[in-house]
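Undergrad: Okay, here's what each chain looks like letter by letter:
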Amino acid sequence: MLTDEVLYHFKNPQHQGSIEDAEIVASVVNPACGDTLKVYVKLDGDRITDAKYKIYGCAAAVAASSVVTGMLIGKTLSEIESIKREQVSDALGGLSPTHAHTAVLAEDAVKAILRTQREKS
Amino acid sequence: MRLIYLDHNATTPVRPEVLEAMLPYLREHYGNASSLHTFGRTARKAVEEARGRLAHLIHAEPDDLVFTGCGSEADSMALKGVAFANRRHGSHLVTTNVEHQAVLDTCRYLAERFGFEVTYLPVDAAGLLRLDDLRQALRPDTILVSIMHANNEVGVIQPLDACADVVRDFSQQIGRRVYLHSDCVQSLGKLPIDVRRLDVDLLTFSGHKLYAPKGVGALYVREATVMDALINGGHQELNRRGGTENVAGIVALGAACALAEAEMGAEARRLAALRDRLEAGILGAIPEARVNGDAAPRLPNTLNLSIAGVDGESLLINLDLEGIAVSTGSACSSGSVEPSHVLRAMGVDKEYIRGSVRLSLGHGTSAADVDATLEVMTRVVERMRQLSPQWEDARALR
Ligand code: FES
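Chains as they are written, first to last, in the working numbering: chain Y, 6 to 126; chain S, 3 to 400.
Only chain Y is shown next, with the shape it has when bound in the complex:
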């Protein structure tokens, strides 16, 4: 079953799309089911001024992507290190076991952003 929060975010997605001149583009895949999340990050120094995403996945994955991308904006790269799956899950009203790993995908995306940035510098 889908929670009301998942449905809400699915219906009102934020930050969907891509950023042409993004400093960081990170892609993560859920190996079990193939859900794919790609996040574009625009930086001003260390601070994330904008973020957008593309998603191939179930409704919960779409909602999780929307939520986590929103969490990125306005934070510095070191600040986003603290974004964990629990926050994403909580923001979606607590995900059922079936959908719990969509929050993992979101957390993985955050890690991938940080990794990509580290590899660059």
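Some clues are possibly wrong.
Unchecked claim - Once the Cα atoms are required to be at most 30 angstroms apart in a straight line, the calculated DSS-like pairs of lysine-lysine come out as:
id	chain 1	residue 1	chain 2	residue 2
1	Y	K116	Y	K89
2	Y	K125	Y	K89
3	Y	K89	Y	K16
4	Y	K16	S	K352
5	S	K352	Y	K116
6	Y	K80	Y	K125
Treat the hints as calculated values from the structure; they're not laboratory data.
Assemble the complex: chain Y is given as a structure, and chain S with the ligand must be docked to it using the hints.
TA: Showing chain S with the ligand alone in chain Y's frame:
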């Protein structure tokens, strides 16, 4: 927003004529069909009339029909009833791996808890079982074969006549009737079923796929079939199914059968034409979409599509937001729900199972609904693909 319901294989609305027919049995004619007084006799008469209507639709003897609470109960009753009553002849069952869960889960239960052995026949890419596989699966200890008539997900129609011939030939060889059951939940009222010609022993039917309400089903049991009852507890249904009859539900099923009998041919042609129009429209407008099950004879109302680069569940919800109700065979394989066992059995690859949706048309579906669906679907898929890294990557590879 006008709602468009394209999920008739899941359930159908109750038709007004059917509702009209059943209401008196919820209001003034509330008698127990087993009671001897006027109230009871009125109910009894209605139940028997309904039985006659279903019997007429499939050319059966009314006494060979047992009303149940649903299709799953009828499946369960057929399988368990025959299995338990015929153990002395053997404990081997044969079915296919594209059956409805009610059959598959009952088989699993019989195997795990009671030591029955079950052979699951595969299907080919078209969704059809091979008669040779059936022939080879039959053994001297086989007691029951269960093969669905039309598949709920893809609409593929199995060659039931030919299967019956195979089972009968084998029965003759071993000098014992191997029972043949078929789940006809999706085909009743859509395809002709004639038990005078179709040599089967047990057929499952359900009311709510046929514009009657949920909570009523039926099992056809050919005379002389040896089987146990699933529900004990009364003399109802000639001792084959205990429990007070759902009189109003049974009346509704009867009324639905009468409508189906009167309309079936023309309605099947109308639905097939609408379905084909929708199918052609989608294939024309959406690149890399395919139809599952179109290489075999199909139910006239069913369209199972796979659309590359989109997730079926997300597509379903996007369509729902636009007022269009469909269903999907996609489900997260890392969660507790498995993706469609039918599409997997047909060898459809993963990405296409992920992008599968089923559109099933029905009595209320109009040409305008089909055109609106086509327009919305094209738009929604286009938008989803623009947002799909999967689709983007696949494009980049070309
Ligand atoms: S389908 Fe597996 S998380 Fe979405």
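Undergrad: Verify the proposed pairing of Y:K89 with Y:K16, using a straight-line Cα cut of 30 angstroms.
TA: Holds, because 24 angstroms separates the two Cα atoms, which is no more than 30 angstroms.
Undergrad: When you check the alpha-carbon spacing of Y:K125 and Y:K89, does it fall within 30 angstroms?
TA: The given pair, whose Cα atoms are some 23 angstroms apart, holds under the 30 angstroms limit.
Undergrad: For the pair supplied as a hint, Y:K116 and Y:K89, is the alpha-carbon distance within the 30 angstroms limit?
TA: 10 angstroms, holds
Undergrad: Would the pair Y:K80 and Y:K125 pass a check requiring their Cα atoms to be no farther apart than 30 angstroms?
TA: 19 angstroms, holds
Undergrad: With a cut-off of 30 angstroms on the C-alpha distance, tell me whether Y:K16 and S:K352 pass.
TA: With Cα atoms ~26 angstroms apart, Y:K16 and S:K352 stay inside 30 angstroms; holds.
Undergrad: Would the hint linking S:K352 and Y:K116 be met if the CA-CA limit is 30 angstroms?
TA: Judged against 30 angstroms, a Cα distance of about 27 angstroms means the pair holds.
Checked against the numbered hints listed earlier, the structure breaks none of them; every hint is satisfied.
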